[in-house]
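Participant: Numbering follows full-length UniProt numbering, in which position 103 of the sequence shown is assigned residue number 103; successive positions increment by one, without gaps.
Just so you know, the hints here were simulated from the structure itself, not pulled from any lab data.
Errors might be hidden in some of the hints.
[As the list claims (entries may be wrong)] Restraint-style ranges between C-beta atoms, simulated for each label pair:
#, residue 1, residue 2, range
1, Ser198, Asp77, 31 to 39 Å
2, Ala188, Pro141, 44 to 52 Å
3, Thr58, Phe81, 19 to 27 Å
4, Pro40, Leu7, 49 to 57 Å
5, Gly110, Gly75, 46 to 54 Å
6, Asp77, Arg56, 40 to 48 Å
7, Ala73, Leu199, 36 to 44 Å
Only a predicted model underlies this, so the values are computations on that prediction, with no experimental measurement involved.
Note that beta-carbon positions come from the ideal geometry of N, C-alpha and C, so glycine has one too.
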Amino acid sequence: MQDSWELLLKGFWVTLRVFLASGLIALVLGTIIAVARVSPVPAMRVVGTAYVTLFRNTPLLLLLFITYYGLPAMGIDFGFFWNVSLAAGIYTAAFVCEALRSGINGVPMGQAEAARAVGMPFTLTMTQVILPQAFRLVVPPMASVFIALVKNTSLVAALGLADVAFRLQGLLRDYPSSRTAAFLTIAAMYISIVAAISLLASWAERRWKVVAR
1 MQDSWELLLK
11 GFWVTLRVFL
21 ASGLIALVLG
31 TIIAVARVSP
41 VPAMRVVGTA
51 YVTLFRNTPL
61 LLLLFITYYG
71 LPAMGIDFGF
81 FWNVSLAAGI
91 YTAAFVCEAL
101 RSGINGVPMG
111 QAEAARAVGM
121 PFTLTMTQVI
131 LPQAFRLVVP
141 PMASVFIALV
151 KNTSLVAALG
161 LADVAFRLQG
171 LLRDYPSSRT
181 AAFLTIAAMY
191 ISIVAAISLL
201 ASWAERRWKV
211 VAR
């Protein structure tokens, strides 16, 4: 294990990069889809519902194969890293959407009605009134979504991306007598990311807590 620390740290960095890139894609895309799902335009609601239904019920590994093999075959290639990050982001966006939609539904209707009463259009109402409150309401479920994403990043090892899970396979192959140490080390690396997300969520929940007066 001491001889493999450099490779493990490189794998940890790859896992962290995939998580951050796919998490950013999921957050942006999931927010857009959530807005579409509550839009007053029927066509946008249909598109949003179809997106969630399709990608929430599609295995992530299948999406990884599609972006890894399918996109380059169609002449679209963002590179190995971004292809797999895109798949994880698109998949997770469906769960971000549903978590955020629950927050939007939790905002009192009077907030939107008051915004419309002063002439604010739907887009401005969402960005200035509804979404800021919705994000405050969904910190715990959103943290759970991103914790699940951390664990889902291990699937990129199936395509050969040298993340932590990929390095684990190499350790088990080269040092079969050190299986326990290898598993515990890799588990500690994943736990460190999950712990960071949990701490950030706890801080945000305290920071954005609504105090009754």
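Participant: Determine for every hint whether it applies to the structure shown.
Facilitator: Taking the hints in turn, this is what the structure says about them:
Separation of Ser198 from Asp77 is about 36 Å and conforms to the stated range, judged on CB atoms against 31 to 39 Å. At about 26 Å, the beta-carbon gap between Ala188 and Pro141 misses the expected band of 44 to 52 Å. A beta carbon spacing of about 21 Å between Thr58 and Phe81 agrees with the range 19 to 27 Å that was offered as a hint. Remark: the range hint 49 to 57 Å for Pro40 to Leu7 is upheld by a beta-carbon distance near 53 Å.
In this structure, Gly110 and Gly75 meet the distance hint of 46 to 54 Å, their C-beta atoms being roughly 50 Å apart. Checking the proposed 40 to 48 Å range against Asp77 and Arg56 shows it is violated: the Cβ atoms sit about 26 Å from each other. In this structure the supplied range 36 to 44 Å holds for Ala73 paired with Leu199, their Cβ-Cβ distance being about 42 Å.
In terms of the numbered hints stated before, the structure departs from hints 2 and 6, listed from lowest to highest.
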